[in-house]
Amino acid sequence: MKNLTRSLPPARLVFAGLVAALGAALSTAQAAPPATILAASLTAQAGYGTIKGRLVWESAEVPALKVLVAKGEAQKDPQVCAKVEAIPSRELVVDPSSKGVQYGFAYLVKPQGEYSSAAKELVAKAPKVEIDQKNCEFIPHVAALHQSQDLVLKSSDPVTHNIRFTSFTNGAFNQVLSPNGQVELKLIEERRPIPLACDIHPWMRGYVMVFAHPFFAVTGEDGSFEITGVPAGTQNLVLWQEKVGYVTQRAGRGIPVEVAANQVTNVGDIPINPAKAK
1 MKNLTRSLPP ARLVFAGLVA ALGAALSTAQ AAPPATILAA SLTAQAGYGT IKGRLVWESA
61 EVPALKVLVA KGEAQKDPQV CAKVEAIPSR ELVVDPSSKG VQYGFAYLVK PQGEYSSAAK
121 ELVAKAPKVE IDQKNCEFIP HVAALHQSQD LVLKSSDPVT HNIRFTSFTN GAFNQVLSPN
181 GQVELKLIEE RRPIPLACDI HPWMRGYVMV FAHPFFAVTG EDGSFEITGV PAGTQNLVLW
241 QEKVGYVTQR AGRGIPVEVA ANQVTNVGDI PINPAKAK
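Heads up: the sequence shown begins at 1 in our numbering, then just goes up one per residue.
Quick caveat, the hints were computed from the structure, so don't treat them as lab data. Treat the hints loosely; a few may be bogus.
What the hints assert, rightly or not - Listed below are the simulated BS3-like cross-link pairs for lysine-lysine, each with C-alpha atoms no more than 25 Å apart in a straight line:
| id | residue 1 | residue 2 |
| --- | --- | --- |
| 1 | Lys243 | Lys99 |
| 2 | Lys243 | Lys66 |
| 3 | Lys134 | Lys66 |
| 4 | Lys134 | Lys76 |
| 5 | Lys276 | Lys243 |
| 6 | Lys278 | Lys243 |
| 7 | Lys125 | Lys110 |
| 8 | Lys66 | Lys276 |
| 9 | Lys66 | Lys99 |
| 10 | Lys278 | Lys83 |
| 11 | Lys71 | Lys134 |
| 12 | Lys276 | Lys99 |
| 13 | Lys154 | Lys128 |
| 14 | Lys278 | Lys120 |
Model, not experiment: these values are computed from the prediction.
All chains should be modelled from the sequences, with the hints used to inform the complete structure.
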């Protein structure tokens with residue numbers, strides 16, 4: 001082969017060199033393990049984006065907070081409950097300036113794509129989610145968590161509380177909490193929010209929602225929410241609010257949202273019709 005190459009004209013020598021180089025490249029590619037090639041292909045195709053939006057009150061007239069217990073008028077434990085200020089209902093909290101609705105759940109239903117690493121990252125950052133009983137209220141009023149996170153139900157009050165709930169998947173729970181006591185629970189996914197109650201102080205209400213995926217948020221004071229690390233493609237977004245239930249169409253099935261890789265998909269303002277909040 002060596003002598004034959006030397007006898008070729010210069011143009012053919014160049015061609016022979018190109019053929020040899022191409023053959024070497026093909027040999028190298030063929031030698032690569034198929035799994036490595038597949039993984040590289042999947043990595044190139046994979047992408048994640050963000051969904052954001054706002055839950056808003058669809059009226060110029062903003063509802064005032066309903067007072068559950070007036071200041072100094074608690075029938076039980078008045079030395080703590082409503083001693084400093086009145087206890088309001090938080091089932092419908094609307095910000096007067098932005099018309100944003102607070103304490104709504106925004107989440108994906110049956111999310112598509114790979115997200116196991118996102119779930120692990122969420123749990124690593126916040127292994128526990130706390131709900132406190134403070135000044136005879138549940139603080140925060142609503143909370144959301146992944147089923148791998150621990151739910152800590154605690155009391156910062158110097159009086160006895162109890163926490164009671166009934167759920168479809170996690171069954172019933174009822175436990176007395178001594179002053180400054182706490183209990184930790186491990187809950188699994190629920191399709192609907194779980195209502196919390198304290199029978200000792202019957203005005204106390206709260207909600208917790210448990211997911212098997214990391215794509216959920218609670219709306220802020222201005223009604224805003226943001227769900228990050230969402231696999232690109234078509235996802236179904238649900239919004240739920242205590243006073244009206246499911247805000248989005250198709251009840252618990254959600255509305256389709258197209259998520260683009262490395263981009264923020266803004267679904268805009270999602271309105272609550274005041275007629276549904278009566």
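Hints that the structure is at odds with (numbers, increasing): When the structure is compared with the hints, numbers 10, 14 turn out to be violated.
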